[in-house]
Amino acid sequence: METTNNDTLVDRYLAAVNDLLPSKLRKDTVTEIRSLIQDSLDEHSKLEDRAPDDAMMAAVLKEFGSPEKIVAPYLPEKYLIGPRLYPTFILVLKIALPIIAVLVLVASWLGSIPVTSMTAIEFISELVKSFGNSFSAVVQAFGNIVLIFAILQWAVPEFKLTIKEKEWDPHSLKAISRPNKIKRGDLIAEIVFTFIALIIFNFYLDRIGIYNNFNGQWTFTPILTDAFTPYIPWLSLLWILTILLDVLVLRNGAWQTGTRWFSILVSALNIAISASLMRNISLLYTFEGATGWLGGIGILKSLLNQFLIIALGITIIVSVVKIVQMILQIVRVKVSVPDKIVP
Amino acid sequence: MENDQSIENLVLEMRRGVIVLAVLSQCNQEQYGYSLMKSLSEKGLLIDQGTLYPLLRRLETQGLLSSSWRLEDARPRRYYTISPEGQKILPKLVAEWESMVQMMGHMLD
Numbered sequence: 001m002e003t004t005n006n007d008t009l010v011d012r013y014l015a016a017v018n019d020l021l022p023s024k025l026r027k028d029t030v031t032e033i034r035s036l037i038q039d040s041l042d043e044h045s046k047l048e049d050r051a052p053d054d055a056m057m058a059a060v061l062k063e064f065g066s067p068e069k070i071v072a073p074y075l076p077e078k079y080l081i082g083p084r085l086y087p088t089f090i091l092v093l094k095i096a097l098p099i100i101a102v103l104v105l106v107a108s109w110l111g112s113i114p115v116t117s118m119t120a121i122e123f124i125s126e127l128v129k130s131f132g133n134s135f136s137a138v139v140q141a142f143g144n145i146v147l148i149f150a151i152l153q154w155a156v157p158e159f160k161l162t163i164k165e166k167e168w169d170p171h172s173l174k175a176i177s178r179p180n181k182i183k184r185g186d187l188i189a190e191i192v193f194t195f196i197a198l199i200i201f202n203f204y205l206d207r208i209g210i211y212n213n214f215n216g217q218w219t220f221t222p223i224l225t226d227a228f229t230p231y232i233p234w235l236s237l238l239w240i241l242t243i244l245l246d247v248l249v250l251r252n253g254a255w256q257t258g259t260r261w262f263s264i265l266v267s268a269l270n271i272a273i274s275a276s277l278m279r280n281i282s283l284l285y286t287f288e289g290a291t292g293w294l295g296g297i298g299i300l301k302s303l304l305n306q307f308l309i310i311a312l313g314i315t316i317i318v319s320v321v322k323i324v325q326m327i328l329q330i331v332r333v334k335v336s337v338p339d340k341i342v343p
Numbered sequence: 001m002e003n004d005q006s007i008e009n010l011v012l013e014m015r016r017g018v019i020v021l022a023v024l025s026q027c028n029q030e031q032y033g034y035s036l037m038k039s040l041s042e043k044g045l046l047i048d049q050g051t052l053y054p055l056l057r058r059l060e061t062q063g064l065l066s067s068s069w070r071l072e073d074a075r076p077r078r079y080y081t082i083s084p085e086g087q088k089i090l091p092k093l094v095a096e097w098e099s100m101v102q103m104m105g106h107m108l109d
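Protein chains in written order, with the numbering used here: chain A, 1 to 343; chain B, 1 to 109.
Honestly, the hints are just simulated from the structure, not real lab data.
Careful: at least some of the hints might be erroneous.
A few chain A residues that don't get close to chain B, going by computed Cβ distances all over 10 angstroms [stated by the list, open to error]:
#	residue
1	A16
2	K24
3	L36
4	S40
5	F64
6	K69
7	Y74
8	I90
9	A96
10	L127
11	A155
12	F203
13	T229
Partner residues are not named here, just some residues of chain A that face chain B (Cβ under 8 angstroms, in silico) [what the hints assert, rightly or not]:
#	residue
14	T31
15	E32
16	S35
17	Q38
18	D39
19	E63
20	G65
21	I70
22	P73
Note that beta-carbon positions come from the ideal geometry of N, C-alpha and C, so glycine has one too.
This is chain A alone, in the form it adopts within the complex (with noise of 0.2 angstroms):
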């Protein structure tokens, strides 16, 4: 029967077949398809004993379905990143995004001019300004880590097959661990500091400096210099927010993806101020001036330069550490565990 030969539906349903196929696959499944078509024309043409027409022929090609559909299955099954590389995938992404965000983030906060000479306007456009790189950076990165294990995915056969499951003991589980919990002795401790810090820098800076005994009688020689000074806002808001952050913490009784955020931004801000804290360090302090010590003001603030800027490094660090850990919690601790399971 010469249905089909001219027929523009069919015709043109093949082409699109033939276009959504692999090369090697082409010829012999749409000569195929091509067969099973006109075998179902025929059927439908028995059927309603009169010749294939265009109506008849796109009531067949719809039983077909699509060609997307119809060639779905015809397909083998590929993947960019397999399930077998995907939670290594997941997991390399949990654990270096968070890091080159904050790297970027610190490398380019150090890079901008020197807080000390800056308004509120230029802090915040530089504050903003690092973010944008950051984010930049992630978006690279989160591209080149698709990149390496799509190759890998294409290159390593290995990571075709599926998973052997090996030889599992039960004994070793790990214990389960509760990153919510709280240690509250550590917060309530957290606040009362971070509080008399508070009232210090903001009710009894002009208290802060060397007191001596010269002679008999008692001097003071304040050791802030005005560079500190833009400073105490900002870290006055990083303690305010970090008292607060606690209550909440203290109220909610454990960790919650809420107050986890909250902490991801505290740590945030305290490795921006203390990048900056760390960068202008010589200029926010001086020892001119303090009777008595005149022999020893160089070496002494040298020493205190280096101790500073090693205890703003240990801080940058822990920030750092605290943001990833909380980002793995975050995205971790989507299933609550139960205190105990009872047999």
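Since the structure of chain A is already known, use the hints to place chain B on it.
Same frame as chain A, but now just chain B:
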């Protein structure tokens, strides 16, 4: 309405499990795609064309069916028949099926 759809999906899922056995059992004689679909449909198993034809190709790739092209009335047709490997496996699948029917019978009694 949503419930009907769920039931339909569950039934479809159950049917999917028996399609391979049904197809292999019908390929003792040579069959081309459309004739096989008709044959299954006459015995009560309705399969849409988009499911059956790729399945035939998959079973051939797995070595359970073999196929050959034949020209009939100036039209090429692909005929499928059970392969020697398929013939070895079919009785085992039938036995497994019977045991499942028995097991489910006990379970649902």
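Here's how the hints hold up against the structure:
A cut-off of 10 angstroms between C-beta atoms confirms that A16(A) is not in contact with chain B; the least separation is 14 angstroms. Distance check on K24(A): its Cβ is at least 13 angstroms (rounded) from any Cβ of chain B, clearing the 10 angstroms threshold; non-interface status holds. Remark: the non-interface label on L36(A) conflicts with the geometry, its nearest Cβ contact in chain B lying 5 angstroms away (cut-off 10 angstroms). For S40(A), the non-interface assignment is contradicted: its Cβ lies about 6 angstroms from the closest Cβ of chain B, within the 10 angstroms cut-off.
Against the 10 angstroms criterion, F64(A) falls within the reach of chain B, whose nearest CB is about 5 angstroms from its own CB. Its closest Cβ contact with chain B, about 6 angstroms, brings K69(A) to no more than 10 angstroms, contrary to its assignment away from the interface. Not every Cβ of chain B is farther than 10 angstroms from the Cβ of Y74(A); the closest lies at roughly 5 angstroms, contradicting the non-interface assignment. Separation of I90(A) from chain B is adequate, the least Cβ-Cβ distance of about 29 angstroms exceeding the 10 angstroms criterion.
Remark: the non-interface label on A96(A) is consistent with the geometry, its nearest Cβ contact in chain B lying 39 angstroms away (cut-off 10 angstroms). The beta carbon of L127(A) sits about 50 angstroms from the closest Cβ of chain B, which is more than 10 angstroms, so the claim that it is off the interface holds. Here A155(A) stays apart from chain B, with its beta-carbon at least about 24 angstroms from theirs, past the 10 angstroms limit. Every CB of chain B lies more than 10 angstroms from the CB of F203(A), the least distance being 65 angstroms, so the non-interface label holds.
Consistency note on T229(A): stated as away from chain B, and its beta-carbon is indeed over 10 angstroms from all of that chain's, at 66 angstroms minimum. For the restraint placing T31(A) at the interface with chain B, the shortest Cβ-Cβ distance is roughly 6 angstroms, inside the 8 angstroms limit, so the hint holds. Interface hint status for E32(A): upheld, as the beta-carbon distance to the closest one in chain B is roughly 5 angstroms, under 8 angstroms. Taken as an interface hint, S35(A) checks out: its beta carbon lies about 5 angstroms from the nearest beta carbon of chain B, inside 8 angstroms.
Because the closest C-beta pair between Q38(A) and chain B is about 6 angstroms apart, less than 8 angstroms, the hint holds. A hinted interface residue such as D39(A) counts as satisfied when its beta carbon comes closer than 8 angstroms to some beta carbon of chain B; here the least separation is about 3 angstroms, so the hint holds. Here the hint on E63(A) is kept, as its CB sits about 6 angstroms from the closest CB of chain B, short of 8 angstroms. Given hint, G65(A) at the interface with chain B, holds; its Cβ is 5 angstroms from that chain's nearest Cβ, closer than 8 angstroms.
Given hint, I70(A) at the interface with chain B, holds; its Cβ is 5 angstroms from that chain's nearest Cβ, closer than 8 angstroms. For P73(A), the interface hint holds, since its Cβ comes within 8 angstroms of a Cβ in chain B; the closest pair sits about 3 angstroms apart.
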